[in-house]
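There are 2 protein chains.
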Amino acid sequence: MDAPGPPDDLRTQAIAGDTVGLLEGLVTTRAIRRYLPEPVPDRVLRDILFAATRAPSGSNRQPFRFLVLQHGPVAAEVKRLLAGVARSMWSVKAHLDGYDRGSGVTDDSPKARMARTMAEYVAHFEQVPVVILPCMQRYRAPDTSEGASVYPACQNLLLAARGLGYGGVITGFHGAVERELTELLGVPDNAFIASTITLGRPAGHHGPVRRRPLSELVYGDAWGTAPDWAQDPPGTRYTSAGPPRPAS
Amino acid sequence: MDAPGPPDDLRTQAIAGDTVGLLEGLVTTRAIRRYLPEPVPDRVLRDILFAATRAPSGSNRQPFRFLVLQHGPVAAEVKRLLAGVARSMWSVKAHLDGYDRGSGVTDDSPKARMARTMAEYVAHFEQVPVVILPCMQRYRAPDTSEGASVYPACQNLLLAARGLGYGGVITGFHGAVERELTELLGVPDNAFIASTITLGRPAGHHGPVRRRPLSELVYGDAWGTAPDWAQDPPGTRYTSAGPPRPAS
Numbered sequence: 001m002d003a004p005g006p007p008d009d010l011r012t013q014a015i016a017g018d019t020v021g022l023l024e025g026l027v028t029t030r031a032i033r034r035y036l037p038e039p040v041p042d043r044v045l046r047d048i049l050f051a052a053t054r055a056p057s058g059s060n061r062q063p064f065r066f067l068v069l070q071h072g073p074v075a076a077e078v079k080r081l082l083a084g085v086a087r088s089m090w091s092v093k094a095h096l097d098g099y100d101r102g103s104g105v106t107d108d109s110p111k112a113r114m115a116r117t118m119a120e121y122v123a124h125f126e127q128v129p130v131v132i133l134p135c136m137q138r139y140r141a142p143d144t145s146e147g148a149s150v151y152p153a154c155q156n157l158l159l160a161a162r163g164l165g166y167g168g169v170i171t172g173f174h175g176a177v178e179r180e181l182t183e184l185l186g187v188p189d190n191a192f193i194a195s196t197i198t199l200g201r202p203a204g205h206h207g208p209v210r211r212r213p214l215s216e217l218v219y220g221d222a223w224g225t226a227p228d229w230a231q232d233p234p235g236t237r238y239t240s241a242g243p244p245r246p247a248s
Numbered sequence: 001m002d003a004p005g006p007p008d009d010l011r012t013q014a015i016a017g018d019t020v021g022l023l024e025g026l027v028t029t030r031a032i033r034r035y036l037p038e039p040v041p042d043r044v045l046r047d048i049l050f051a052a053t054r055a056p057s058g059s060n061r062q063p064f065r066f067l068v069l070q071h072g073p074v075a076a077e078v079k080r081l082l083a084g085v086a087r088s089m090w091s092v093k094a095h096l097d098g099y100d101r102g103s104g105v106t107d108d109s110p111k112a113r114m115a116r117t118m119a120e121y122v123a124h125f126e127q128v129p130v131v132i133l134p135c136m137q138r139y140r141a142p143d144t145s146e147g148a149s150v151y152p153a154c155q156n157l158l159l160a161a162r163g164l165g166y167g168g169v170i171t172g173f174h175g176a177v178e179r180e181l182t183e184l185l186g187v188p189d190n191a192f193i194a195s196t197i198t199l200g201r202p203a204g205h206h207g208p209v210r211r212r213p214l215s216e217l218v219y220g221d222a223w224g225t226a227p228d229w230a231q232d233p234p235g236t237r238y239t240s241a242g243p244p245r246p247a248s
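Protein chains in written order, with this note's numbering: chain A, 1 to 248; chain B, 1 to 248.
Read the hints as simulated data drawn from the structure, not as lab findings. Every value quoted in this text rests on a predicted model; they were computed, and no experiment measured them. Quick reminder that beta carbons are idealized off the backbone N, C-alpha and C, glycines included. Among the hints, erroneous ones may be present.
Part of the chain B face toward chain A, derived, beta carbon under 7 Å [claimed, not checked]: (1) Leu-36; (2) Pro-39; (3) Asn-156; (4) Leu-217; (5) Trp-229.
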């Protein structure tokens, strides 16, 4: 990773070269919740946000806006507000979804690892290197599909982070403090905060993700009926909702 | 591109190798609306849908489902229904947004090119090689952020197509015929169609996309104020909403 130049150099600096392939990146970008205690350099942020804003949107209107919070008193206050929500939400979810008992406390299960990661993530939320609040500026009445003009950009953002050796995760922590965040940051009435993304240099690794089998998610001419070709490639990892993971 | 094997071989076939880098793909994936008259091979569809379904979703619930329509009477009826909407919607939009006058009819303007592409796209909509209807199966009451669990997968789908030499575009054509499509395809009451994606081998090319300047889309500690590093890299192309494109 190049050291960042002074900001006024970025206009002359191309975005970084690739070390990860496109398909490889799509199938190995994990939610990253454990970060090394390092700031994200300006040049990396520029590249990530440039890639995010290349995403498609309805009629190319680009109604997405990204608030990027790093250092200083406003960022600290945003992180403090979100940290409170993160800890409350995880506490409730851990209990409701059984992360605090059964396989949730078995040391080597995916569920137990997730429980430990989440506990650490919310306990130290104030220290996440970067919080990004993707927003959407509305140009018509809210509808079910308006997210088609903001969440593709959020996904580009996470993929670009992966491509640059960073990682992040989409959360909904803003929901419970949206009024406070909106006032603090001056989000106008015609816009809403679409998600809370945290970002940093991973303490762990990206790698194959766990999902349901393709045949449960892809249908042909009728709901519920998979086409013949909906077969997972070798090495696919499944969530517990899927078939048992092969012993190999 | 490899020729597709029999479907029962796909379980033993890894997804295709990369020829496009991750960041390169993110910044050069255009909306593709002109397709060569070729079917999309099973193996390519498998790889595209596999990549789509690796996208993140809230709590990894994977509420996304993809209806993939290609050949046969059901697919033909879906395309016929959508074609009618596509032609009506474009006719209205072309007039409202001035595509039928001024720079919309100047041969060499981006607007005139878009008008020609759209006219051709909707006129021959029944011939698009593949129509994909990404759906979302709800597990709670509708809210503003539910799209965070389906549109990242739509973006992965378009990016994977790019990685494999194909291309597509997200549209909202299903909106006006959602009831008919829902009945025809058996979409259950707790699910909704989130978008209409068309897909095929591009007749044109991918390449740099046009967007607003980064400093209009990315803010720091306050809405409307860009950080110093929000500077476009060399060669960035702007929409007409942005600054004039350099002559070089």
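Checklist entry - What are the numbers of the hints that this structure violates, sorted from low to high? => result Hint check: 1, 2 fail, others pass.
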